[in-house]
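Protein chains in written order, with our numbering: chain A, 60 to 470; chain B, 23 to 401.
Just so you know, not all the hints are guaranteed correct.
[Claimed, not checked] If you want the ones that stay clear, here's a sample from chain B, every Cβ over 10 Å from chain A, calculated:
no. : residue
1   : 27
2   : 35
3   : 44
4   : 49
5   : 63
6   : 75
7   : 160
8   : 178
9   : 201
10  : 208
11  : 239
12  : 244
13  : 344
14  : 360
[Unchecked claim] A short, non-exhaustive set of chain B residues, derived as facing chain A with CB atoms under 10 Å:
no. : residue
15  : 31
16  : 39
17  : 211
18  : 212
19  : 292
20  : 303
[What the hints assert, rightly or not] Cβ-Cβ distance ranges computed for the label pairs, FRET-style:
no. : chain 1 : residue 1 : chain 2 : residue 2 : range
21  : A       : 391       : B       : 246       : 44 to 52 Å
22  : B       : 32        : A       : 103       : 35 to 43 Å
23  : B       : 213       : A       : 375       : 32 to 40 Å
24  : B       : 351       : A       : 112       : 52 to 60 Å
25  : B       : 213       : A       : 66        : 54 to 62 Å
26  : A       : 391       : B       : 69        : 23 to 31 Å
27  : A       : 375       : B       : 199       : 41 to 49 Å
28  : B       : 213       : A       : 351       : 51 to 59 Å
29  : A       : 269       : B       : 40        : 55 to 63 Å
30  : A       : 198       : B       : 293       : 18 to 26 Å
31  : A       : 66        : B       : 136       : 31 to 39 Å
32  : A       : 83        : B       : 40        : 43 to 51 Å
Everything labelled a hint here was simulated from the structure, so no lab data went into it. The model shown is predicted, which means the values in this text are computed figures rather than measured ones. Glycine included, every Cβ here is placed at the ideal spot set by N, Cα and C.
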Amino acid sequence: MSDSASKDSPEQAEFREYCRTWLQDNRPPDPTVRLPLSALEIMTTEQLTYLQAWQKAAYDAGLVGCDYPEAVGGGGRKDCQRVANEEMLAARMPYFPNIIGLGMAAPTVFYHAQDELKQRLLPRLFSGEDIWCQGFSEPGAGSDLASVQTFAERRGDKWVINGHKVWTSLAHFAEWMIILLRTDKSHKYDGLSYFVVPIRSALGKGVTVRPLIKITGETGFNEVIFDKLEVDDSYRLDELGKGWQVAMTTLLHERGAGELQTPRSGGLKNKGSHATTAANLIELARTVQRDGHAAADDPLIRDRIMQQLIREVGFAQNQRRARVPDLLDHPMRLLLQNKLLASEISQQTSELALEVAGASASLYLGDDNAPAGGQWNLAYMNSYGMTIAAGTSEVQRNILGERVLGLAKSK
Amino acid sequence: MTQPDNFGFNEEAALLKSSARKFFADKFPTSTLHALVAGDHRPDRPSECLWDRSLWQQMVDLGWTMLAVPEASGGVGMPAVAVAGLVEELGRAAFPCPLLGTLSATYVLAACGAAGEQALAEIAAGSSAALAITNAAGSWSAGDTDVRFADGKLNGGAWYVQDARKVGRLLVSAHTDAGLGLFWVATDAPGVNVQADTIVDLTRDQAHISFTDVAAEQVSANGLAALGQAMPAVWTMLAADMVGAAEWQLQTTVEYVGTRQQFDRPLGFFQAVKHPLVDVMLQIDQAKSLVYNAACAIDCEPGRALQAAHMAKASASEAAAYASGRSVQLHGGIGFTWECFVHLYFKRQKHSQMLFGDAAWHRARLADIVIGPLAATAS
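Using the sequences and the hints, build the whole thing.
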């Protein structure tokens with residue numbers, strides 16, 4: 060932290076000091092329930108209530124939405140969210156439950172909504188009182204996102220929505236959904252429009268949310284069915300037919316390449332916490348026996364763990380180099396790698412952990428003898444969520460090949 | 023000590039890097055390299071030492087060969103991150119010259135204390151040098167040498183000496199009665215016999231050198247310590263060269279698959295071509311970030327330099343291997359011919375991959391640091 064602190068502007072330095080003191084004095088009580096690995100697997104209201112209380116406290120203290128203008132409920136600061144994030148992560152706080160809202164909905168609403176709508180939506184998004192979800196994918200529209208068919212038909216100043224969204228994390232708790240809709244069937248890209256839709260108030264009245272169960276056995280994402288849901292035209296973001304462009308703002312932030320820093324907290328140790336890191340992999344290798352010796356003494360295992368460590372450090376150093384323009388040939392080259400690398404490195408590390416674990420890799424969460432409480436299995440299986448969601452690794456490679464290397468477009 | 027967030031890569035470093043890129047692009051395009059080194063294609067061609075001495079002299083005159091020499095010894099005293107930027111551009115051009123060897127000798131001499139100052143002054147005055155620290159078995163471990171120093175004379179042999187026929191000086195490691203010593207020897211000194219190796223790489227020369235009663239100036243009585251301190255810089259600079267060469271391989275291949283049409287489309291349209299090229303880019307970027315990380319550690323946090331340099335060289339070796347394979351494969355039939363330039367970089371990279379330790383060698387040493395030494399296991 061001292062590294063970052065030494066380069067603070069006066070405003071950042073003062074804010075950092077404030078954050079540090081506030082976090083010291085206002086540590087939330089320890090959770091009484093097991094918290095999942097991330098907000099995307101929140102299953103119970105007990106888990107949600109605990110995490111919402113933390114987000115509200117952090118927002119009220121000015122640690123969330125720091126760089127947004129005061130008029131929309133932000134802190135009106137300049138480049139301070141990064142500072143708050145660093146301090147919250149260093150202090151090992153709980154994570155924020157409104158992850159889709161903070162990371163994707165907030166920047167999209169901020170850049171594309173009318174002022175009145177921003178002022179109404181953003182404060183309760185920042186505070187976590189309103190949980191948000193994202194309605195992009197459909198049964199027939201995955202990697203080819205622009206082929207969404209959920210249709211909004213105009214009726215005066217209202218729209219009537221019919222269709223089916225899938226993989227909708229947090230929809231079971233969400234008040235609001237950002238949604239990509241087809242408003243014109245004759246144009247693929249230009250026939251899309253982008254809305255915010257209140258879904259909780261419409262449950263049973265045009266909106267049905269049904270949980271989808273993940274390969275891990277956890278719930279957390281859903282399918283959402285729209286049956287003649289009526290919404291006001293004032294909930295449309297940007298112009299009619301500009302939905303694809305608005306969606307790009309969402310996706311850029313989702314993949315960690317956007318302008319606005321996402322408020323980020325986390326690091327709290329609890330029964331469910333687990334980090335998919337090379338350091339934890341080494342710990343595992345020290346405790347597991349392989350042919351009568353610690354796995355950490357097997358030269359092949361050591362080599363593969365080092366490969367993962369090198370990838371992990373290389374990724375961290377990419378983040379550092381991304382801020383040195385003189386060492387970049389293309390401004391988006393490193394930023395557009397973030398999502399792909401984070402998900403694939405984590406997948407490789409957890410996959411290797413299960414090999415290192417040997418026979419004990421068969422044990423899952425409910426078994427007292429499972430290494431790290433069975434969390435490596437959970438992390439490995441969940442890693443496929445990361446390499447598939449938010450644009451699969453294959454789509455990420457298309458984007459990098461086309462936007463950065465300038466290769467011919469696949470579509 | 024803490025590291026600056028920008029690796030310490032300041033305006034001066036950026037200027038050096040961009041002027042180096044322009045220098046090589048203007049004066050030494052790949053067509054010039056090919057014309058210079060690829061005249062004789064016969065697989066059993068005799069060893070040759072083909073290079074552009076006058077361009078090298080221009081580099082010397084620009085002060086590039088003494089960038090790493092401390093100011094106190096008459097050099098520029100540039101930080102390693104700035105030097106790495108220059109070397110990355112050298113690698114991009116695959117320019118045959120003894121810059122890597124001269125820089126390597128510089129870093130070792132700078133770790134030798136007062137006894138190394140005279141030799142450093144010679145480098146500052148324009149001398150070029152090579153490391154002669156490897157034995158006949160090709161061991162990259164410091165201290166494994168087949169040269170012995172006794173009664174004021176060097177005897178024995180040094181192997182895998184890089185660009186030996188281009189340099190005026192050798193930095194030789196030799197066993198002495200008091201441990202490993204380092205010696206500074208002129209390549210034309212009596213008793214020094216430079217025997218050229220016939221190598222695959224057309225952009226370098228390599229030799230094994232025999233020493234017969236060679237009078238030598240000792241620059242260090244504690245060679246293991248000096249090499250231990252300097253090798254991270256040697257590996258990092260070689261890795262920087264490989265990153266630059268890999269970037270050439272990537273850009274050249276991207277350009278080709280954008281032009282070449284099959285099935286009525288440019289090759290780059292096909293994901294079987296597009297995705298491997300993205301993977302080449304990912305590997306280059308990882309290696310490049312690790313190179314500047316290692317260089318910054320050398321400058322600002324020497325305690326972390328060893329780990330960081332192992333990572334940089336391991337990563338660069340992997341990236342070079344992958345970029346090389348893809349550059350030939352994705353050029354298709356033409357990529358398999360002597361007339362297509364990609365083979366020059368393919369061969370340079372293959373050489374660089376193994377030089378001073380391949381990826382697995384560096385990872386094994388990294389593991390010793392990070393996990394702890396391999397426990398002696400009874401088999």
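Against the structure, the hints:
Residue 27 of chain B, annotated as away from the interface, has a beta carbon of chain A within 10 Å; the closest lies near 6 Å. Look at residue 35 of chain B: its CB is around 7 Å from the nearest CB on chain A, not clear of 10 Å, so calling it non-interface is violated. The claim that residue 44 of chain B is not at the interface with chain A holds, since no C-beta of that chain comes within 10 Å of its own (minimum 14 Å). The beta carbon of residue 49 of chain B sits about 21 Å from the closest Cβ of chain A, which is more than 10 Å, so the claim that it is off the interface holds.
The non-interface label for residue 63 of chain B is consistent with chain A: the shortest C-beta to C-beta separation is roughly 31 Å, beyond 10 Å. Against chain A, the non-interface label of residue 75 of chain B holds: every CB pair exceeds 10 Å, the least being about 31 Å. Distance check for residue 160 of chain B against chain A: the nearest CB is about 20 Å away, which clears 10 Å, and the non-interface claim stands. With a least CB separation of 32 Å from chain A, residue 178 of chain B remains clear of the 10 Å interface cut-off, as annotated.
The Cβ of residue 201 of chain B lies farther than 10 Å from every Cβ of chain A, with a closest approach of about 29 Å, so its non-interface assignment holds. The beta carbon of residue 208 of chain B sits about 38 Å from the closest Cβ of chain A, which is more than 10 Å, so the claim that it is off the interface holds. Listed as a non-interface residue, residue 239 of chain B keeps its Cβ farther than 10 Å from every Cβ of chain A; the least gap is roughly 39 Å. Every C-beta of chain A lies more than 10 Å from that of residue 244 of chain B, the closest at about 29 Å, which supports listing it as non-interface.
With a minimum CB-CB distance of about 13 Å to chain A, residue 344 of chain B clears the 10 Å threshold, and the non-interface call stands. The non-interface label for residue 360 of chain B is consistent with chain A: the shortest C-beta to C-beta separation is roughly 27 Å, beyond 10 Å. Nearest Cβ of chain A to the Cβ of residue 31 of chain B: about 6 Å, under the 10 Å cut. The hint holds. The interface hint given for residue 39 of chain B is met, as the beta carbon of that residue sits about 7 Å from the closest beta carbon of chain A, less than 10 Å.
Violation of the interface hint for residue 211 of chain B is found here, the shortest Cβ-Cβ separation to chain A being roughly 42 Å, above the 10 Å cut-off. The interface hint given for residue 212 of chain B is violated, since its Cβ lies 46 Å from the closest Cβ of chain A, which is over the 10 Å cut-off. Among the interface hints, the one on residue 292 of chain B holds; its C-beta lies about 8 Å from the nearest C-beta in chain A, closer than the 10 Å criterion. Nearest Cβ of chain A to the Cβ of residue 303 of chain B: about 7 Å, under the 10 Å cut. The hint holds.
A beta carbon spacing of about 46 Å between residue 391 of chain A and residue 246 of chain B agrees with the range 44 to 52 Å that was offered as a hint. A beta carbon spacing of about 53 Å between residue 32 of chain B and residue 103 of chain A contradicts the range 35 to 43 Å that was offered as a hint. Against the hinted window of 32 to 40 Å, the Cβ-Cβ separation of residue 213 of chain B and residue 375 of chain A comes to about 50 Å, which falls outside the hint. At about 56 Å, the CB distance of residue 351 of chain B to residue 112 of chain A agrees with the hint of 52 to 60 Å.
As the Cβ distance of residue 213 of chain B to residue 66 of chain A is approximately 56 Å, the hint placing it in 54 to 62 Å holds. Taking the beta carbon of each, residue 391 of chain A and residue 69 of chain B are about 45 Å apart, not inside 23 to 31 Å as hinted. The given range of 41 to 49 Å is respected by residue 375 of chain A and residue 199 of chain B, whose C-beta atoms sit roughly 46 Å from each other. At roughly 54 Å, the beta-carbon separation of residue 213 of chain B and residue 351 of chain A lies within the given 51 to 59 Å, and the hint holds.
Between residue 269 of chain A and residue 40 of chain B the beta carbon distance is about 58 Å. The supplied range of 55 to 63 Å therefore holds. Checked against the hint of 18 to 26 Å, the C-beta distance between residue 198 of chain A and residue 293 of chain B comes to roughly 24 Å, which is consistent with it. Checked against the hint of 31 to 39 Å, the C-beta distance between residue 66 of chain A and residue 136 of chain B comes to roughly 37 Å, which is consistent with it. For residue 83 of chain A and residue 40 of chain B, the Cβ-Cβ distance of about 47 Å falls inside the hinted range of 43 to 51 Å, so the restraint holds.
Violated hints, in rising order: 1, 2, 17, 18, 22, 23 and 26; the structure is consistent with all others.
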